[in-house]
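Novice: One letter stands for each residue in the lines below.
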Amino acid sequence: MNGVEICEIYDSAIHRAMTAILRVLTIVAGLVILVGGVLLLVRHGDTATSFYAFAGEPASLRLVSEIVAGAFQGHALAVVQFGILLLIATPVLRVLFVGIGYLIERDWLYVLVAAIVLVVLGSSLMGLKL
Amino acid sequence: MTQLEFAALASAGSLFAGFLGSLTGLGGGVVIVPMLVLGFHVDVHYAVGASLISVIGTSAGAQAAHGREGFSNTRIGLFLEIATTMGAICGAFLSTSMPTKWIAIIFGLVLLYSAWSSMQTKKQADASRPPDALATKLRLVGNFPDRQKLVSYSARRVPLGFSLMFGAGTLSGLLGIGSGAVKVLAMDQAMQIPFKVSTATSNFMIGVTAAASAGVYLSRGYINPAVAMPVTIGVLVGSLLGARFLVNARVKSVRVIFAIVIALLAAEMIFNGLTGKL
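Going down the list, the sequences are from chains A and B.
Note that our numbering has the first sequence beginning at 1, numbered continuously upward.
Note that our numbering has the second sequence beginning at 1, numbered continuously upward.
Note that these hints are calculated values from the structure, not bench results.
Quick caveat, the model's predicted, so the values are computed rather than measured.
Glycine is no exception: its CB is placed at the ideal position from the N, C-alpha and C atoms.
Hints are not guaranteed to be accurate.
Claimed, not checked - Just a sample of chain B residues kept apart from chain A, beta carbon distances all over 10 angstroms, derived:
id : residue
1  : 139
2  : 196
3  : 207
4  : 229
Unchecked claim - Chain A is nowhere near these chain B residues, computed Cβ spacing over 12 angstroms in every case:
id : residue
5  : 119
6  : 204
7  : 261
As the list claims (entries may be wrong) - Stretches of chain B that chain A covers, calculated by requiring three or more beta carbons in the stretch to come under 8 angstroms of a beta carbon on chain A:
id : segment
8  : 84-93
9  : 104-117
10 : 162-169
11 : 208-221
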């Protein structure tokens with residue numbers, strides 16, 4: 001079993017493509033959060049604020065469909081929340097890509113492991129009620 | 001406090017936290033919640049939600065900047081992610097039903113452990129023992145270069161490590177931290193995977209674990225974008241700066257100072273939790 005790590009497909013073209021996609025997604029997520037933050041501060045920067053009391057966010061900032069809709073209408077908080085959604089998607093996509101890597105290697109045991117992790121992640125995100 | 005003042009102060013504080021966290025290897029997440037709760041009087045649930053997003057951001061940012069972690073073992077990481085993600089969802093649901101003061105007290109205790117463990121000198125696991133049967137079956141093996149030769153290793157005590165990882169996931173979901181210290185404990189101490197491999201694999205796992213609980217937090221309305229925005233941006237920029245400095249900084253003294261700061265924050269979290277001030 002020596003050299004297991006070395007036979008993995010780390011330097012193949014497909015691995016480079018996956019790494020590039022994840023990098024772009026991370027940068028885009030960060031930029032979307034930044035743009036939303038700038039919008040928020042330009043429009044409501046001088047509004048008094050306090051986060052001492054927990055109220056729970058409204059549906060417009062909890063449900064994926066409403067966050068996306070709100071973001072495209074340019075609501076500042078929805079834009080930030082959309083960026084946060086993209087950020088949450090990054091590690092999920094990473095697990096998917098690792099699973100695809102094992103599929104190419106025909107390592108069925110680890111295709112199964114990746115599938116289990118994706119199901120667990122999916123069940124958490126299902127709570128988002130798409 | 002106005003939105004602008006909050007955003008400016010919180011992002012500056014988070015930048016500093018991310019910088020120190022990445023310099024010391026403790027992660028910025030551990031000081032974000034105390035900073036928000038004690039310094040800005042943010043509700044614990046909002047603080048934990050914001051910290052969780054910043055943990056995902058830091059992990060994704062580090063991977064975007066450096067590509068693959070040098071010594072990480074993808075199979076070991078992926079296999080243990082079954083435990084951490086399930087634990088994370090568990091922790092997220094616990095957090096929605098647990099009184100604030102208990103979260104503060106548990107947070108304080110975990111902070112104390114992190115501070116203590118960061119001061120310990122790590123001894124290399126003995127890689128020469130025969131491999132474990134279950135670990136061989138699951139192929140939780142690998143090798144890494146150490147002083148110009150390739151050292152092979154094999155995981156041991158897989159069930160114990162798996163259970164500890166479930167615990168690490170629960171803490172991550174409950175407290176919004178990466179819980180890297182517990183992950184390294186599970187891999188390095190319980191499973192006897194070489195320290196360099198343990199830390200690199202733990203970094204690879206942190207984002208996936210945090211994403212599992214983030215879904216629950218978001219759908220329950222615990223992610224407040226106005227809180228999460230400055231924190232995430234601050235920690236991300238700070239940790240990328242910290243990674244640049246890492247090469248030529250004298251880390252030892254920074255580590256001691258950071259551990260003392262963490263221990264003081266831990267004491268204050270526990271005190272405020274016990275006296276019901278939160």
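Novice: Are the hints correct? Go through all of them and say.
Specialist: Tested hints:
| no. | hint | verdict |
| --- | --- | --- |
| 1 | 139 | violated, 6 angstroms |
| 2 | 196 | holds, 13 angstroms |
| 3 | 207 | violated, 4 angstroms |
| 4 | 229 | violated, 4 angstroms |
| 5 | 119 | holds, 30 angstroms |
| 6 | 204 | violated, 9 angstroms |
| 7 | 261 | holds, 23 angstroms |
| 8 | 84-93 | holds (count 5) |
| 9 | 104-117 | violated (count 0) |
| 10 | 162-169 | violated (count 0) |
| 11 | 208-221 | holds (count 12) |
The structure shown violates the earlier hints numbered 1, 3, 4, 6, 9 and 10.
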